[in-house]
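Visitor: Here's the letter readout for the chains.
2 protein chains.
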Amino acid sequence: MDKIITIGRQYGSGGHVIGKMIAEHYDIPFYDNELISKAAKESGFAEETFENAEKNATNSLLYSLAMGINVYGNQDFGFSGLSLDDRIFMAQSDVIRNVAEAGPCVIVGRCADYVLKERTDVVNLFIKASMDYRLKRVVEEYGEDPKKAGDLILKNDKRRSNYYKYHVGERWTDLSNYDLVIRSDIMGMDNAVKAIVTYLGD
Amino acid sequence: MDKIITIGRQYGSGGHVIGKMIAEHYDIPFYDNELISKAAKESGFAEETFENAEKNATNSLLYSLAMGINVYGNQDFGFSGLSLDDRIFMAQSDVIRNVAEAGPCVIVGRCADYVLKERTDVVNLFIKASMDYRLKRVVEEYGEDPKKAGDLILKNDKRRSNYYKYHVGERWTDLSNYDLVIRSDIMGMDNAVKAIVTYLGD
Chain W
0 MDKIITIGRQ
10 YGSGGHVIGK
20 MIAEHYDIPF
30 YDNELISKAA
40 KESGFAEETF
50 ENAEKNATNS
60 LLYSLAMGIN
70 VYGNQDFGFS
80 GLSLDDRIFM
90 AQSDVIRNVA
100 EAGPCVIVGR
110 CADYVLKERT
120 DVVNLFIKAS
130 MDYRLKRVVE
140 EYGEDPKKAG
150 DLILKNDKRR
160 SNYYKYHVGE
170 RWTDLSNYDL
180 VIRSDIMGMD
190 NAVKAIVTYL
200 GD
Chain G
0 MDKIITIGRQ
10 YGSGGHVIGK
20 MIAEHYDIPF
30 YDNELISKAA
40 KESGFAEETF
50 ENAEKNATNS
60 LLYSLAMGIN
70 VYGNQDFGFS
80 GLSLDDRIFM
90 AQSDVIRNVA
100 EAGPCVIVGR
110 CADYVLKERT
120 DVVNLFIKAS
130 MDYRLKRVVE
140 EYGEDPKKAG
150 DLILKNDKRR
160 SNYYKYHVGE
170 RWTDLSNYDL
180 VIRSDIMGMD
190 NAVKAIVTYL
200 GD
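Top to bottom, those sequences are chains W and G. Read in numbering that gives the first Met the number 0, the first sequence has 146 at position 147, and its numbers run on one by one without any break. Read in numbering that gives the first Met the number 0, the second sequence has 105 at position 106, and its numbers run on one by one without any break.
Mixed in with the good hints, there may be bad ones.
Any copy will do: because identical chains look the same in the list, a pair fits if it lies in one copy or spans two.
Said to hold, decoys possible - Below, in silico cross-link-like pairs of lysine to any residue (SDA-like), each with a Cα-Cα straight-line distance of 25 Å or less:
1. LYS193 to ILE27
2. LYS19 to GLY200
3. LYS154 to HIS166
4. LYS135 to GLY200
5. LYS135 to VAL121
6. LYS193 to ASP26
7. LYS116 to SER175
8. LYS135 to ARG118
9. LYS116 to LYS135
10. LYS116 to GLY187
11. LYS154 to LEU83
12. LYS2 to GLU33
13. LYS147 to GLU33
14. LYS116 to TYR165
15. LYS19 to VAL98
16. LYS164 to SER175
17. LYS2 to SER92
18. LYS193 to ALA22
19. LYS116 to TRP171
20. LYS116 to LEU134
21. LYS37 to ASP84
22. LYS154 to GLU169
Hints are computed from structural coordinates only; laboratory data are not their basis.
Could you put the whole structure together from the sequences, leaning on the hints where they help?
Guide: What follows is the structure in structure tokens.
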């Protein structure tokens, strides 16, 4: 198996766990949101970006206008008129491109499918599950309040959907974006992993 | 394997062939568009529907208005104001419900996922492939003119998408509608079938 595997997933569907299981199966690195964000913050690229952003925020009105910067000196806008969100996304994308360049791995979230779309050795997965299954997992595995689990799931899915729409420009739930979409609950999580591994090959 | 398997598929993706391979693997009946349409035409339900439709088309203005019928006696509208398309869909849906009731089988197309949505023993698949792969198949397997294959694929996908939207009210390419979406070309068709069979179990 010589592929880079990206995973998009509904909140509570077990996509994170499944990603780990796939990485373990192939003995390849596993990167999730947390690891990618941490690496982006520590990267030279990111530091430079944030430094530039701060510098630009204190620049003159004329420069600000020329560069499309928020003239109120709002730190949310830096050079090239990129928002803080955009710059963080760029730094994270850089991390994703670097880890992909290093060889086969599993990357969860952060629109990695889109970031790596020019590569030909990427397989894009999406993990989904029924609402009932996700409610159960969110309460039992994440320890969330059963009375708030439903809204939490909807809110997190909405956030992921908006994030994808904003950065990729496509619908998060459009199957055109993925090579394999799989429901984790219908036949059990172990079975879903078995099917994915069968699909990916040795 | 005690499931009823429905298959939606992009034109030229090999969904029909894959459906047949799955049916052969489990030794269960295979129903495609053609078979379902034929059965619907031959069914008592369909005959009655078409008869009623013709009868109603010659009824009085008052009756027509009361029943929401096209007052111009347009044969495209029958009782309950249903179009010919709607009535054919109803007859085909009846066939789909009947074959599903009879036991495990594979059903390709005709929004079978939606028709059988009340059942708990259904697994909904969607088969997709890259445009290049589909172009190759449409020319080599279906014998279409290479100069017209691209437009043919787009036209047929558009037709399927509209058909799904009209009858189901959802986007054909929304992954929410399926339990397993699989790209047939990335790892080869045999491998896609192996992954599906692994997912479905023995």
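Visitor: Compare the structure with each hint and give your call.
Guide: Here is what the structure says about each hint:
In the homo-oligomer, the alpha carbons of LYS193 and ILE27 lie at most 25 Å apart both inside one protomer (17 Å) and across protomers (23 Å), since each shortest distance falls under that limit. In this assembly of identical chains, the alpha carbons of LYS19 and GLY200 lie at most 25 Å apart whether taken from the same copy (17 Å) or from different copies (22 Å). Within a single copy, LYS154 and HIS166 get their C-alpha atoms as close as 18 Å, which meets the 25 Å cut-off; across copies the closest is 29 Å, which misses it. In this assembly of identical chains, the alpha carbons of LYS135 and GLY200 lie at most 25 Å apart only when taken from different copies (24 Å versus 32 Å within one copy).
With identical chains, the CA atoms of LYS135 and VAL121 are at most 25 Å apart between copies only, with a shortest distance of 22 Å across copies and 32 Å within one. In this assembly of identical chains, the alpha carbons of LYS193 and ASP26 lie at most 25 Å apart whether taken from the same copy (15 Å) or from different copies (23 Å). In this assembly of identical chains, the alpha carbons of LYS116 and SER175 lie at most 25 Å apart whether taken from the same copy (13 Å) or from different copies (23 Å). Taking identical chains as interchangeable, the C-alpha atoms of LYS135 and ARG118 lie at most 25 Å apart only when they sit on different chains, with a minimum of 22 Å there against 37 Å within one chain.
Proximity of LYS116 to LYS135 under the C-alpha cut-off of 25 Å is restricted to the inter-copy arrangement: shortest distance 22 Å between copies versus 34 Å within a copy. For a Cα distance limit of 25 Å, the shortest separation of LYS116 from GLY187 across copies, 20 Å, qualifies, whereas the shortest one inside one copy, 30 Å, does not. In the homo-oligomer, the alpha carbons of LYS154 and LEU83 lie at most 25 Å apart inside one protomer (22 Å), although the nearest pairing across protomers, at 42 Å, exceeds that limit. Taking the shortest Cα distances, LYS2 and GLU33 sit within 25 Å of each other inside one copy (22 Å), while across copies they are farther apart (39 Å).
Taking the closest pair of Cα atoms, LYS147 and GLU33 come within 25 Å of each other only inside a single copy of the chain (24 Å); across copies the shortest separation is 48 Å, beyond that limit. When the C-alpha separation of LYS116 and TYR165 is checked against a cutoff of 25 Å, the pair qualifies only within one copy, where the shortest distance is 16 Å, while the shortest distance between copies is 32 Å. For the identical chains of this complex, LYS19 and VAL98 are intra-copy neighbours only, at 16 Å inside a copy versus 40 Å across copies, given an alpha-carbon limit of 25 Å. In this assembly of identical chains, LYS164 and SER175 lie within 25 Å of each other by CA distance both inside one copy and across copies; the values are 14 Å within and 17 Å between.
Taking the closest pair of Cα atoms, LYS2 and SER92 come within 25 Å of each other only inside a single copy of the chain (18 Å); across copies the shortest separation is 41 Å, beyond that limit. Taking CA atoms no more than 25 Å apart as the test, LYS193 paired with ALA22 passes in both settings, with 13 Å inside one copy and 21 Å between copies. Taking identical chains as interchangeable, the C-alpha atoms of LYS116 and TRP171 lie at most 25 Å apart whether they share a chain (15 Å) or sit on different chains (23 Å). Proximity of LYS116 and LEU134 under a CA criterion of 25 Å is satisfied inter-copy only: 21 Å between copies versus 33 Å inside one chain copy.
Taking CA atoms no more than 25 Å apart as the test, LYS37 paired with ASP84 passes inside one copy only; the shortest distance there is 15 Å, against 56 Å between copies. For a Cα distance limit of 25 Å, the shortest separation of LYS154 from GLU169 qualifies both inside one copy, at 19 Å, and across copies, at 22 Å.
When each numbered hint is compared with the structure, no violation occurs for any of them.
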